[in-house]
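Model the full assembly from the supplied sequences, consistent with the hints where possible.
Chains C and D are the protein sequences, given in the same order. Sequential numbering of the first sequence, starting at 0, is according to numbering that gives the first Met the number 0. Sequential numbering of the second sequence, starting at 0, is according to numbering that gives the first Met the number 0.
Where hints are given, some of them may not hold.
What the hints assert, rightly or not - In silico negatives: residues of chain D with every beta carbon more than 12 Å from chain C:
1) G112
2) A253
3) E295
4) K388
5) V399
6) T416
7) F447
To be verified - DSSO-like cross-link-like pairs, simulated, lysine-lysine; straight-line CA separation at most 30 Å:
8) K26(C) to K129(D)
9) K288(D) to K143(C)
10) K79(D) to K229(C)
11) K146(C) to K53(D)
12) K26(C) to K28(D)
13) K443(D) to K380(D)
Calculated directly from the structure, the hints in this document are not laboratory data. Cβ atoms here follow ideal geometry from the backbone N, Cα and C, with glycine treated the same way.
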Amino acid sequence: MKFMMQSCLMVKDTVCDGGSKILEGFKSPLSATAYEKCVAAGMEFLGLVTPFEFGIDSLFCDCPDKDGTIDAILEGKCDFVLCNDVYGKMSRMAAVNGLVYLAGAYGTVSRFGIMQTVSSMDRVGVLCKKAEDGIKVLETISGKDEKDGSMLDTEKYDYSAKCDKVKAVKADEVEMKYFDLLPAVFYTLASAELCNNTNRYDGVKFGYRAPDVTDLNDLYLRSRTEGLGKDVQIASMVGCMVLAKENYEKWYFKAMQLRRMIRDYYWALLTDADVLVLDAKCDCGDKFRQLALYALAPLCGFASAAATLDGKPVELVCKPGKENIMFSMITEG
Amino acid sequence: MKEYEIVMGLEVHVELATNSKLFCSCSAKFGADANEHVCPACAGMPGMLPIANKRAVELGIAASIVTNSEITPVISFDKKNYFYPDLSCGYQITQLYAPICRNGRVEIETSKGKKDITLKQIHIEEDAGKLVHSHGVSLVDYNRCSVPLVEIVSNPDFRSAEEVLAYLEKLRALLSFAGVSDCKMQEGSMRCDVNLSVREKGTTAFGVRTEMKNMNSFSAIERAIEYEAQRHIDALETGCEELVQETRRWDDNAGKSFSMRNKENATDYRYFPDCDIMPIVVTDEWIEKVRATLPESAHDKYARMTGELSISEVDAKIITKSKRLCDIFDALMAHGLPVKDVVTWIVTELLSLDIGENKSYDDIEIDCDKLASLISMTNKKVINRTVAKKILALVYTDNVDPETYVKENNLGMVSDTGAIEAIIAQLIAENPNSVKEYKEGNAKVFTFFVGKTMKQTAGKADPTVVREILARMLDEA
Numbered sequence: 000m001k002f003m004m005q006s007c008l009m010v011k012d013t014v015c016d017g018g019s020k021i022l023e024g025f026k027s028p029l030s031a032t033a034y035e036k037c038v039a040a041g042m043e044f045l046g047l048v049t050p051f052e053f054g055i056d057s058l059f060c061d062c063p064d065k066d067g068t069i070d071a072i073l074e075g076k077c078d079f080v081l082c083n084d085v086y087g088k089m090s091r092m093a094a095v096n097g098l099v100y101l102a103g104a105y106g107t108v109s110r111f112g113i114m115q116t117v118s119s120m121d122r123v124g125v126l127c128k129k130a131e132d133g134i135k136v137l138e139t140i141s142g143k144d145e146k147d148g149s150m151l152d153t154e155k156y157d158y159s160a161k162c163d164k165v166k167a168v169k170a171d172e173v174e175m176k177y178f179d180l181l182p183a184v185f186y187t188l189a190s191a192e193l194c195n196n197t198n199r200y201d202g203v204k205f206g207y208r209a210p211d212v213t214d215l216n217d218l219y220l221r222s223r224t225e226g227l228g229k230d231v232q233i234a235s236m237v238g239c240m241v242l243a244k245e246n247y248e249k250w251y252f253k254a255m256q257l258r259r260m261i262r263d264y265y266w267a268l269l270t271d272a273d274v275l276v277l278d279a280k281c282d283c284g285d286k287f288r289q290l291a292l293y294a295l296a297p298l299c300g301f302a303s304a305a306a307t308l309d310g311k312p313v314e315l316v317c318k319p320g321k322e323n324i325m326f327s328m329i330t331e332g
Numbered sequence: 000m001k002e003y004e005i006v007m008g009l010e011v012h013v014e015l016a017t018n019s020k021l022f023c024s025c026s027a028k029f030g031a032d033a034n035e036h037v038c039p040a041c042a043g044m045p046g047m048l049p050i051a052n053k054r055a056v057e058l059g060i061a062a063s064i065v066t067n068s069e070i071t072p073v074i075s076f077d078k079k080n081y082f083y084p085d086l087s088c089g090y091q092i093t094q095l096y097a098p099i100c101r102n103g104r105v106e107i108e109t110s111k112g113k114k115d116i117t118l119k120q121i122h123i124e125e126d127a128g129k130l131v132h133s134h135g136v137s138l139v140d141y142n143r144c145s146v147p148l149v150e151i152v153s154n155p156d157f158r159s160a161e162e163v164l165a166y167l168e169k170l171r172a173l174l175s176f177a178g179v180s181d182c183k184m185q186e187g188s189m190r191c192d193v194n195l196s197v198r199e200k201g202t203t204a205f206g207v208r209t210e211m212k213n214m215n216s217f218s219a220i221e222r223a224i225e226y227e228a229q230r231h232i233d234a235l236e237t238g239c240e241e242l243v244q245e246t247r248r249w250d251d252n253a254g255k256s257f258s259m260r261n262k263e264n265a266t267d268y269r270y271f272p273d274c275d276i277m278p279i280v281v282t283d284e285w286i287e288k289v290r291a292t293l294p295e296s297a298h299d300k301y302a303r304m305t306g307e308l309s310i311s312e313v314d315a316k317i318i319t320k321s322k323r324l325c326d327i328f329d330a331l332m333a334h335g336l337p338v339k340d341v342v343t344w345i346v347t348e349l350l351s352l353d354i355g356e357n358k359s360y361d362d363i364e365i366d367c368d369k370l371a372s373l374i375s376m377t378n379k380k381v382i383n384r385t386v387a388k389k390i391l392a393l394v395y396t397d398n399v400d401p402e403t404y405v406k407e408n409n410l411g412m413v414s415d416t417g418a419i420e421a422i423i424a425q426l427i428a429e430n431p432n433s434v435k436e437y438k439e440g441n442a443k444v445f446t447f448f449v450g451k452t453m454k455q456t457a458g459k460a461d462p463t464v465v466r467e468i469l470a471r472m473l474d475e476a
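Below, the structure written as structure tokens:
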């Protein structure tokens with residue numbers, strides 16, 4: 000199989016800018032574990048595609064229902080693309096374009112070599128045409144890596160076991176508790192982590208540095224203002240706000256508590272049922288609300304699969320360990 | 000004037016004696032060329048994830064044990080955000096919510112007797128790099144970036160500079176003997192910030208507190224405390240200056256402290272949990288394992304020296320004050336040398352070596368095998384003490400081999416009594432007046448003859464033998 004990667008996943012000695020001006024010309028000193036595993040399995044690497052900055056989604060400007068990453072598959076340039084899709088953008092676009100986007104549960108695929116955005120939610124996922132291909136790739140890239148300290152212990156994953164009886168529930172069939180809170184909880188936590196993780200882009204060591212700076216403050220201010228995109232800047236400010244000493248308890252800490260409550264509720268729900276089926280939409284009017292549809296998997300550490308089911312674009316989520324059950328729903332035969 | 004009391008709390012940073020850094024495998028050693036010990040992780044590059052250094056946690060446990068602290072069953076790490084070029088990631092990984100331990104206690108002894116200093120907590124964190132300013136540019140060296148530290152935070156229990164110094168000495172002994180750190184202030188592996196306020200004696204409310212940084216020696220700390228306390232008292236007495244809560248930098252050359260930043264523009268570090276590093280469970284078994292492998296403490300060593308080894312309290316105190324001297328002591332003892340000689344050689348000879356300015360005995364680098372052979376050559380009367388002292392200095396400065404050196408320079412002791420007798424006979428014949436004075440009871444003359452004889456033998460004779468022969472021949476003359 001031939002593959003490409005979004006440039007927020009890194010390849011040694013190759014310019015990887017993560018779609019950000021701040022990493023203009025940045026030559027990576029390392030390769031992502033997911034990349035290494037694909038290459039070791041004999042898959043052919045064709046090159047990088049440019050994602051929206053660091054693979055996050057823009058909540059503040061219109062986004063088309065496809066981008067260069069989707070095109071790479073639609074136009075048959077390669078068989079799959081490795082992505083990092085915290086904000087649910089790839090899932091959404093994959094589903095409405097009739098493609099498949101699979102991401103294992105948090106801790107099943109090494110985060111080593113992904114440009115960190117939201118550390119507690121970063122997951123390498125696979126964009127492809129056929130679920131069967133995606134499953135094979137997921138099996139290839141998953142498994143414990145000593146370079147990532149937050150992984151599950153399993154060395155190898157096998158998602159091939161088909162399951163005839165799947166207990167799938169649709170969002171309108173169950174109580175979607177906390178659903179209205181998901182965007183706020185997600186955005187609070189994601190912004191805090193994104194703000195912190197992008198501190199390293201400061202114009203001092205590598206990447207873009209504003210020309211003719213007058214002093215240290217000017218160096219920081221202008222390099223980051225000119226180098227980072229609007230969404231990262233806004234998330235940085237939100238992140239700073241929710242982590243500020245006087246706000247920590249009422250924003251960040253409360254969001255953490257809610258995350259735990261949300262996770263507990265949906266873990267129980269998905270212990271009972273196997274798979275939760277959510278409608279995938281590219282534009283439901285309110286972009287912030289739209290986030291709710293895709294925030295469950297990153298907030299709860301679930302595995303997710305965006306695909307077409309019964310002719311409709313959907314996102315499926317399940318607990319770790321039930322991936323093969325979930326995948327049974329979107330594979331043929 | 001009213002009577003004032005100084006109230007101080009200390010934050011002591013100690014670099015842990017690990018081989019590698021806290022979250023990557025780069026060397027943590029001091030003294031390499033700039034940016035020699037740097038990898039993508041400690042340079043803050045994207046895509047790298049921190050992997051906690053187990054040894055650093057173990058040394059943190061050791062520090063907790065020797066300070067009688069309560070170890071936290073599950074520890075975790077947090078991120079502290081601030082921008083400065085010496086911090087490669089734009090945040091420092093430290094411990095805020097679940098530090099390695101809390102509620103410790105360190106006993107100190109001052110001229111006023113014994114006292115317990117209580118500790119708020121000890122936490123593990125990574126160090127920052129270093130900026131070098133020269134010729135109008137600032138360069139950054141990340142060698143120290145991510146080197147593991149523990150920060151030992153005391154409660155405001157200190158009332159005098161003497162207590163502060165006694166505490167620092169005690170901490171240095173506890174931590175260096177436990178192998179936690181080499182605690183070298185001049186290399187920055189032990190650093191101390193002093194939080195100081197003054198209040199009228201007898202009152203309980205705290206005064207306005209200032210934090211002082213940048214003291215690089217014990218004596219600088221003492222001076223800084225004296226200066227800062229006086230500044231506070233003057234401000235309270237005369238109203239010439241308003242005290243504000245702030246961080247101040249001590250300038251040892253100027254002998255003054257200067258304001259760095261005050262509370263109004265104090266940084267909000269926006270702490271939050273680091274989700275890249277999973278919480279670490281510190282089990283009782285692990286703690287016991289660390290406890291079992293702790294090297295002998297200064298206290299235990301002292302007890303052993305004054306007990307079974309019958310070393311005087313004065314000498315034992317001198318040796319156990321320095322981890323390095325204790326190591327030398329143990330190495331010499333392992334050579335089977337008599338206790339008495341080992342002690343004398345360390346306390347009188349080694350400690351009178353010129354080791355250079357700004358160095359402490361913890362810095363003595365000497366080949367103990369060579370030192371042992373020097374001592375045993377002296378004991379076997381192959382060389383005399385004076386020659387041995389000279390060679391000791393050479394072993395220290397040039398690492399010469401005593402045996403070879405003695406052979407090559409023909410420094411072996413003259414044990415031929417006939418030769419010594421001949422020299423003395425000649426001296427007696429040449430100095431009849433002195434002999435006469437000796438006979439009349441002038442004891443100083445005897446020393447004169449010993450000196451002359453030693454000079455004639457180029458210092459190689461055994462002084463004891465010389466004295467014996469001299470006494471006999473002078474009496475006979």
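Status of the hints after comparison with the structure:
1. G112: 41 Å, holds
2. A253: 24 Å, holds
3. E295: 35 Å, holds
4. K388: 53 Å, holds
5. V399: 46 Å, holds
6. T416: Since the minimum Cβ distance to chain C is about 74 Å, T416(D) lies beyond 12 Å and the statement holds.
7. F447: Nearest chain C Cβ is 72 Å from F447(D), so the label holds.
8. K26(C) to K129(D): 25 Å, holds
9. K288(D) to K143(C): Status holds; Cα separation ~28 Å.
10. K79(D) to K229(C): Distance of about 24 Å is within 30 Å: holds.
11. K146(C) to K53(D): 14 Å, holds
12. K26(C) to K28(D): Holds. K26(C) to K28(D) sits at ~28 Å (cutoff 30 Å).
13. K443(D) to K380(D): 26 Å, holds
No hint from the list above goes unmet by this structure.
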